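So the protein lines, in turn, are chains V and F. Counting from 1, one number per residue, gives the positions in the first sequence under this note's numbering. Counting from 1, one number per residue, gives the positions in the second sequence under this note's numbering.
Don't read these hints as lab results, they were simulated from the structure. Just so we're clear, the structure is a prediction, and the values are computed from it rather than from any experiment. It is possible that some hints are incorrect.
Facing chain V, according to a computed beta carbon distance under 8 Å, are these residues of chain F, among others [unchecked claim]:
1) Phe30
2) Ala38
3) Phe52
4) Ser90
5) Ser100
6) Val104
Some chain V residues close to chain F (C-beta under 7 Å, calculated; not the full set) [what the hints assert, rightly or not]:
7) Asn33
8) Asp38
9) Asn66
Glycine is no exception: its CB is placed at the ideal position from the N, C-alpha and C atoms.
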Amino acid sequence: MSVEPGFEIPSWEMPSVSRERMRTMAAILRDPNPVHWDHELCNSLPLGIGKRTINQGPLGLSYMINMLHAWAGPESVRRVFMTFPKIVLSEDAVTAKGVVTAVLDNHVVECDIWLERAGERLLEGKATVQLDN
Amino acid sequence: MNLPDESAIKNIIGHEFPGGDYAIAHWENFLLTECTGAEALPDGLAHPVSLFHVPILGAGTSIGEMFELGQATSEFSIGIESYDWQIYQSLREELNYQISGSVVSAERREHEDGRIFDRIAFQFDLAHQGQAVARTTIVWHYNRGVR
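Could you build all of it, start to finish, from the sequences and the hints given here?
This is the structure:
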C-alpha cells in the first residue's frame with residue numbers, strides 16, 4: 001500500500017451506539033461508574049442528556065481502531081493517543097475518520113484520527129500505523 | 001467544594017500497584033470485540049480495546065481503586081484527558097502477560113473559569129516472557145468544583 005500525506009482513511013461507521021454494549025463493557029471492565037448503565041441517574045445529572053447513557057471512552061476509541069484495522073489490517077496499529085473533548089451517548093450515530101499526516105520509514109504512517117457525530121468532533125487524537133503488515 | 005489537600009495528591013506520585021499476571025480469555029475478547037462493533041479478529045488476536053482494562057486489572061488494581069486513590073468525590077467527577085496506548089506486539093488471547101503499573105504524575109490545576117481539578121496520570125507496562133508488549137498511559141481529571 002502506498003499513501004501520501006493527506007490521504008483520507010476510509011471511514012468506519014457505528015450507526016447507533018448501543019447501551020446494551022455499554023453494560024457488557026462495564027461488567028468486563030469492572031467499571032463502577034453508573035453513567036454507563038443507569039439511565040435514570042443520567043437523567044438526574046445536570047448534563048442535559050436525558051435518559052441516554054454515556055459511552056465508555058475506550059469504546060469510542062475502539063471505533064477508530066476498527067477503522068484502522070479495516071484499512072491496514074488487524075496487526076497494524078502501533079500507537080493510539082486519544083483525547084475526549086466531548087461525550088458519546090447511547091443511540092448516537094458516529095463515524096470514525098482519519099487522514100495520513102506523515103509517511104515514515106519502513107511503511108509506517110502517522111495519522112490524525114477522530115470520531116464525529118453529524119460533523120461535530122467528539123474524540124480526536126493521533127495514531128501510528130504499520131502498513132503492509 | 002470537597003478539595004483534598006494538595007500535598008496528599010502529590011504524595012501519590014510513585015505509588016505502585018501490586019502488579020501481576022493477566023491472560024485475556026477467548027470469551028472476554030469475543031464479547032469485548034462485539035462491543036466495539038467489529039468482527040472477531042483472526043488467529044487469536046485480541047482487540048486492542050483490551051488495553052484499557054487488562055493493564056488495570058492485571059496490575060492488581062481497579063477503576064474504583066484508582067478513583068479512590070485520587071480522592072474522587074464521586075464517579076461523576078472523573079473526566080478523561082487522554083489515553084495513550086503504545087503497542088509493541090499484537091495482543092493475543094490466552095497468553096499470560098506480566099503487568100506493572102504506577103502513578104507517574106499528580107498535580108493540581110485550575111481551568112480559566114475557576115474550576116479546580118487534580119490531573120493524575122497512571123502508567124502500565126505489559127510484557128510477555130520478558131519482552132515488552134505494550135505501555136498504556138491514562139490521564140484523568142479529578143474535578144473538584146469552583147474554588
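Each hint, compared with the structure:
Interface hint status for F:Phe30: violated, as the beta-carbon distance to the closest one in chain V is roughly 11 Å, over 8 Å. For F:Ala38, the suggested interface contact is upheld, since its CB lies about 5 Å from the closest CB of chain V, less than 8 Å. Look at F:Phe52: its Cβ gets to within about 4 Å of chain V, closer than 8 Å, so that hint holds up. Checking F:Ser90 against chain V by beta carbon gives a least distance of about 5 Å; that is within 8 Å, so the hint holds.
Given the 8 Å rule on beta carbons, the hint for F:Ser100 is violated: about 19 Å separates it from the nearest Cβ of chain V. For the restraint placing F:Val104 at the interface with chain V, the shortest Cβ-Cβ distance is roughly 16 Å, beyond the 8 Å limit, so the hint is violated. For V:Asn33, the interface hint holds, since its Cβ comes within 7 Å of a Cβ in chain F; the closest pair sits about 4 Å apart. Hint status for V:Asp38: violated, given a least beta-carbon distance of 10 Å to chain F, over 7 Å.
The beta carbon of V:Asn66 is positioned within 7 Å of a beta carbon in chain F (closest approach about 5 Å), and the interface hint is therefore held.
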